[in-house]
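Peer 1: Take the sequences, apply the hints, and build the full model.
First to last, the sequence lines map onto chains A and B. Each residue of the first sequence is one higher than the last, beginning at 1 in my numbering. Each residue of the second sequence is one higher than the last, beginning at 317 in my numbering.
Among the hints, erroneous ones may be present.
As the list claims (entries may be wrong) - Straight-line distance between alpha carbons at most 20 Å, and here's what the computed EDC-like set of lysine to aspartate or glutamate pairs gives:
(1) A/K35 to B/D389
(2) A/K35 to B/D432
(3) B/K393 to A/D253
(4) A/K76 to A/E60
(5) A/K34 to B/D410
(6) A/K35 to B/D410
(7) A/K76 to A/D51
(8) A/K34 to B/D327
(9) A/K34 to A/E60
(10) A/K87 to A/E50
(11) A/K281 to A/D253
(12) A/K221 to A/D160
(13) A/K35 to B/D390
(14) A/K34 to B/D432
(15) A/K64 to B/D436
(16) B/K393 to A/D160
(17) A/K35 to B/D436
(18) B/K465 to B/D327
(19) A/K64 to B/D389
(20) A/K76 to A/E50
(21) A/K259 to A/E292
(22) A/K259 to A/D215
(23) A/K64 to B/D432
Claimed, not checked - Quick look at which bits of chain B chain A covers, simulated, 3 or more residues with Cβ under 8 Å:
(24) 373-387
(25) 390-397
Because the hints were derived from the structure by calculation, they are not lab data. Beta carbons are placed, not taken as given, at the ideal position from N, Cα and C, and that holds for glycine.
Listed below, chain by chain, are the residues.
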Amino acid sequence: MRHLLSTKDLSRDEAVAILDVAEDMADVAGREIKKLPALRGKTVVNLFFEDSTRTRISFEAAAKRLSADVINFSAKGSSVSKGESLKDTAQTLAAMGADAVVVRHQASGAPSVLAQSGWIDAGIVNAGDGTHEHPTQALLDAFTIRRRLHGASARGRDLDGVTVTIVGDILHSRVARSNVWLLSTLGAHVTFVAPATLVPIGIGDWPVTVGYDLDAAIAAKPDVVMMLRIQGERMNAAFFPTAREYARQWGLDDERLAKLPASSLVMHPGPMNRGLEISAKAADSAQSTVLEQVANGVSIRMAVLYLLLSGTTGEM
Amino acid sequence: MTARLVLQSADITRALTRISHEILESNRGASDLVLLGIPTRGVVLARRLGEILDSIEPGSGTVGFLDVTMYRDDLAKNPTRAPSPTQIPAGGIDGKTVVLVDDVLYSGRTIRAALDALNDIGRPRAVRLAALVDRGHRELPIRADFVGKNLPTAASERINVRLLEVDGVDEVTIEGGEA
Chain A
1 MRHLLSTKDL SRDEAVAILD VAEDMADVAG REIKKLPALR GKTVVNLFFE DSTRTRISFE
61 AAAKRLSADV INFSAKGSSV SKGESLKDTA QTLAAMGADA VVVRHQASGA PSVLAQSGWI
121 DAGIVNAGDG THEHPTQALL DAFTIRRRLH GASARGRDLD GVTVTIVGDI LHSRVARSNV
181 WLLSTLGAHV TFVAPATLVP IGIGDWPVTV GYDLDAAIAA KPDVVMMLRI QGERMNAAFF
241 PTAREYARQW GLDDERLAKL PASSLVMHPG PMNRGLEISA KAADSAQSTV LEQVANGVSI
301 RMAVLYLLLS GTTGEM
Chain B
317 MTARLVLQSA DITRALTRIS HEILESNRGA SDLVLLGIPT RGVVLARRLG EILDSIEPGS
377 GTVGFLDVTM YRDDLAKNPT RAPSPTQIPA GGIDGKTVVL VDDVLYSGRT IRAALDALND
437 IGRPRAVRLA ALVDRGHREL PIRADFVGKN LPTAASERIN VRLLEVDGVD EVTIEGGEA
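Peer 2: Have a look at this one:
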């Protein structure tokens with residue numbers, strides 16, 4: 001693997017291989033010494049143009065557990081605020097000898113520009129670009145689902161026949177996009193439930209079923225319900241009248257939680273708006289995988305960095 | 317290229333039985349023994365040794381496996397290797413006598429990696445090494461405590477260990493080495 005830009009590029013076997021490597025990485029988290037020497041001497045740069053806590057810390061923890069050196073860069077307080085371009089920033093990092101660059105950018109496609117421009121030779125990992133993709137989030141979601149469903153025998157398996165309902169702001173969600181491609185590659189069936197104003201144009205080409213009624217979706221007993229965050233920072237038009245109305249129509253409240261089969265998983269990529277898209281009871285229930293998703297995120301990012309940075313050619 | 321048969325199924329079983337007795341003898345019994353196989357074929361050999369140990373002294377064959385991929389010194393020089401799972405027996409390895417089990421002992425670099433991996437897992441009382449075949453050409457100061465067969469080879473030759481559980485047949489062959 002040379003770069004990880006989109007889950008659309010991953011074949012079923014590649015995706016399963018990443019999840020399997022992540023299983024081995026997860027074992028390390030249970031040890032007293034949570035460190036592997038595999039990436040000793042490699043430098044990983046976290047290049048974050050957009051605010052993030054969990055993704056950046058997760059990548060940092062992953063790189064450090066593999067013994068790589070980590071440099072954190074956030075646009076705030078850097079030369080970017082003086083007007084430095086992406087090209088100059090990339091070339092500066094290349095001159096400092098970065099082996100991998102983890103990029104989060106508010107513009108869709110920024111990581112693939114870095115990967116294709118020739119400004120920098122390092123492996124590029126997309127950590128969320130605009131409203132495009134967030135591949136490691138989708139991988140950790142798939143990993144979490146696979147672990148909950150198959151337990152210790154999860155290795156080598158895909159998600160054939162699993163039904164996943166993704167609820168909320170599909171229009172702006174890179175998590176939803178990455179999940180659609182990855183989950184359907186792995187054999188799962190994805191359903192979107194959202195207000196009509198938050199469904200993107202051209203969704204007919206996506207391998208999903210679209211619905212507008214959360215109660216009907218829950219009555220269909222999905223294996224997984226994934227609630228998306230209502231992104232306050234992107235709500236710049238009247239997509240729905242009020243937060244209360246959204247919560248009543250499309251929020252996973254206590255009543256809907258009770259109707260959901262006890263075996264169904266409740267997922268959320270975080271950070272949660274408790275009381276808006278998910279109730280506190282749903283977020284803290286035994287069905288909720290929110291904290292597992294965070295823990296699994298480190299394992300997935302270790303796997304991705306390992307596959308990107310070890311080996312001569314990066315071929316698997 | 318012709319392959320020469322060196323060990324047959326019965327030879328392998330005989331060697332493993334002898335190694336089992338040697339392990340018990342050097343450990344003065346079966347207490348605090350942990351066998352750790354190194355994937356892929358070391359795991360199979362460790363399981364077989366465990367069964368033989370159990371048949372000699374019940375309860376002595378505690379078997380696990382130890383993946384050393386992440387600890388190799390040639391990660392940057394070869395195509396990416398997918399790691400295998402590691403499974404340490406429930407009692408851990410602290411204070412135990414750990415016997416590392418591998419199929420072929422060659423440069424000794426795999427064993428160096430295994431020693432580093434053990435270091436991150438715990439502190440065994442002693443670490444021993446059992447190998448089905450010792451083919452020489454060591455590049456590090458490492459030796460085996462228990463050897464199935466010493467096979468002097470040329471570096472250009474190839475040793476193939478095939479085991480029933482992985483390859484469908486039990487045999488050790490030598491290939492190549494025209495020079």
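Peer 1: Would you mind confirming whether the straight-line C-alpha gap from A/K35 to B/D432 stays at or under 20 Å?
Peer 2: The hint holds at about 12 Å.
Peer 1: Hinted pair, alpha-carbon criterion (20 Å max): A/K35, B/D390. Please report holds or violated.
Peer 2: 18 Å, holds
Peer 1: Assess, step by step, whether the Cα of A/K34 is no farther than 20 Å from the Cα of B/D410, and give holds or violated.
Peer 2: The hint holds at about 17 Å.
Peer 1: Need the status of pair A/K35, B/D410: alpha-carbon distance at most 20 Å?
Peer 2: Holds: A/K35 and B/D410 sit about 18 Å apart, inside 20 Å.
Peer 1: Hey, A/K87 versus A/E50, does the alpha-carbon distance stay inside 20 Å?
Peer 2: 17 Å, holds
Peer 1: Straight-line Cα separation of A/K34 and B/D432 no greater than 20 Å?
Peer 2: 14 Å, holds
Peer 1: For the segment 373-387 of chain B, do three or more residues have a beta carbon lying closer than 8 Å to a beta carbon of chain A?
Peer 2: holds (count 4)
Peer 1: What's the verdict on A/K35 and B/D436, does the C-alpha distance respect the 20 Å limit or exceed it?
Peer 2: 8 Å, holds
Peer 1: Would the pair A/K76 and A/E50 pass a check requiring their Cα atoms to be no farther apart than 20 Å?
Peer 2: Judged against 20 Å, a Cα distance of about 9 Å means the pair holds.
Peer 1: Given the proposed pairing of A/K64 with B/D389, does the C-alpha separation stay at or below 20 Å?
Peer 2: 18 Å, holds
Peer 1: Are the Cα atoms of B/K393 and A/D160 separated by 20 Å or less?
Peer 2: Violated: B/K393 and A/D160 sit about 36 Å apart, past 20 Å.
Peer 1: Sort out whether A/D160 lies within 20 Å of A/K221, counting only the CA atoms.
Peer 2: OK: A/K221 and A/D160 at ~16 Å, within 20 Å.
Of the hints listed earlier, those the structure fails to meet are numbers 3, 8, 16 and 21, in rising order.
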